[in-house]
Amino acid sequence: MKTLKGILLIILLITSQVGVSQLRIEITGGADDPINIAVVPIEWKLDSPQDEYLHEIIRSDLESFGEFKVLPPASMLSFPSTQEEVFYRDWRLLKVDYLVLGQANKSEIEDELKISYFIFDIAREKVIHKAIMTGPYKSLRRVAHNMSDKIYKKIQGIPGIFSTRLAYIDKPSAQDLNYNLRIADIDGYNGISLFSSPQPIMSPNWSPLGNKIAYVSFEEGTSRIFTQTVATGERKGIKLERGINSSPNWSPDETKLAAVLSKEGNPDIFIYDLKKNSWKQITEHFGIDTEPDWSPNGKSLLFTSNRSGSPQIYQVNIRTKRVKRLTFEGTYNARARYLPDGKSIVFVHRRNGVFHIASQKIRSGKVRILTDTSLDESPTISPNGNVVIYATKKNDEDVLAGITIDGKTKFILPSLKGETREPAWSPILD
Amino acid sequence: MTLNKQSFLIFLSLFIITACGSISNERTSDVSAVSTSASGVYSDQGLTSSNILYFAYDKSDVNAEGRAKIRSLAKTINKEGLSVRVEGHCDERGTREYNLALGENRAKTVAELLIINGVSSSKITTVSYGEEKPAASGSNEKSWSQNRRALIKTF
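Chains as they are written, first to last, in my numbering: chain Y, 1 to 430; chain F, 1 to 155.
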């Protein structure tokens with residue numbers, strides 16, 4: 001049995017790897033003051049040919065959320081690959097703020113790549129970062145994404161998100177009658193189907209280490225929460241209760257899931273202990289309590305409740321169970337997510353009958369609408385807090401779209417595989 | 001015997017999964033040849049209008065027409081000793097999890113009315129699908145009004 005399962009898993013992974021690049025980022029409105037950076041084609045000193053160009057992957061990464069404008073090689077006056085070959089004047093002339101260059105060599109280990117690279121601050125005429133990046137030759141894209149993350153971190157001062165992944169649900173289509181829980185690199189490459197079912201799949205949520213996903217599946221004729229390990233495909237059903245079992249959300253220490261159960265007659269927020277396999281009730285109200293999100297410090301949960309008559313965002317202290325209302329503007333505020341600093345939230349806000357994604361500094365109480373699309377829902381925030389991806393409609397079809405938290409850059413993620421919804425951004429993956 | 005059965009099931013599902021994978025990777029099939037039920041929209045199969053109740057936006061109360069349907073269904077259910085599964089559904093507006101809760105309210109309201117009309121609570125199960133199984137596609141009031149529904153399935 002064990003080997004059989006092993007074979008099944010391997011074949012599953014192979015077949016699902018075939019459908020690459022299901023999502024693409026297309027910028028629809030960019031920032032007006034991007035940082036200008038030049039990424040010189042990395043000098044390739046290996047015998048084996050270069051399947052993809054590192055500088056092109058890095059360029060596409062850095063430009064994907066509009067924060068950088070990358071100088072194309074055709075506009076460069078020189079192609080330095082060492083520190084000595086850099087003439088600052090050339091790059092000042094091209095109005096470049098930062099310069100990246102390097103060399104790719106074979107490492108001592110077989111099939112491994114070793115890239116020595118530099119980041120220069122042109123105005124200050126100095127090297128601000130110098131490093132060696134190694135990785136398997138076959139994972140060139142991953143190596144390039146890691147470099148992009150390092151470049152981003154050095155210049156912006158916060159972690160880059162180019163090695164992160166996105167989980168999402170594919171709606172059944174003429175091509176595939178099943179609901180699919182999919183995962184792809186944030187640039188759309190390496191898409192796989194993690195779980196497929198003829199019954200609905202909902203509410204994917206990544207574990208804080210990025211190794212598991214919790215979600216809701218109706219495969220048993222009722223909603224039930226499952227967790228699944230991304231690398232092995234191993235699935236576990238969470239103890240089923242009567243009524244709704246839904247909206248799973250991992251605790252920061254990965255030992256618990258906040259979720260919604262209606263076993264007491266109406267939906268309330270519960271916490272499931274993954275070690276003890278038991279549920280503990282957190283909120284108790286005859287209205288609808290749903291959509292919990294764990295605070296970054298682990299002490300409280302956001303949730304949606306209609307206890308005041310219309311859906312609004314509330315916060316509950318897990319220890320004291322004291323509840324505090326956070327939103328007061330408008331008659332529909334729901335599905336809130338904390339930003340990584342725990343001080344702001346992003347949520348669905350209805351204004352004039354139109355559903356938008358909005359943000360609010362928790363204490364200010366002031367709602368700021370981020371999106372100009374309609375029927376927006378399911379916002380998910382990049383682990384560095386800079387970008388929101390959400391589900392919306394385009395020509396009556398489910399699509400994913402995104403916006404930077406400053407509202408400057410907008411983009412859509414067209415799917416090559418049909419309609420897509422419920423995006424969930426992974427944490428930073430090592 | 002159990003082992004064989006399990007192996008067979010695994011192989012079967014493997015075959016199905018592989019087959020699905022190859023279909024979805026070839027995007028050349030004729031879309032127009034496929035019925036609406038294949039594009040994520042569900043025909044409420046086998047149900048007549050007497051088994052389907054419709055609701056107002058963001059509401060779970062049953063109108064007079066609906067109550068009359070429940071009353072006559074309850075009679076049949078009791079007479080023939082049937083069991084009932086009530087499914088609550090919503091339109092796409094609003095968040096998915098909130099709609100799941102709303103769909104449950106609809107299913108439960110219908111279940112309560114069945115009980116009031118003499119059906120034993122032990123014969124009734126309820127489930128909410130929220131907005132996950134629409135009967136009609138399209139972001140307009142016509143589709144939305146068809147999707148805000150409860151299905152009373154007897155067996």
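Hints were generated in silico from the structure; no laboratory data involved.
No experiment lies behind these values; they were computed from the predicted model shown.
Among the hints, erroneous ones may be present.
Unchecked claim - Coverage of chain F stretches by chain Y, computed from C-beta distances (three or more under 8 Å per stretch; other residues unrestricted): (1) 68-81; (2) 90-98.
Claimed, not checked - Computed Cβ-Cβ distance ranges for the label pairs, DEER-style: (3) Thr255(Y) with Asn78(F): 23 to 29 Å; (4) Asn117(F) with Glu284(Y): 17 to 23 Å; (5) Asn117(F) with Asp253(Y): 45 to 51 Å.
Backbone N, C-alpha and C define an ideal beta-carbon position, used for all residues, glycine too.
Any hints this thing doesn't respect? Which numbers, in order? 1, 3, 4
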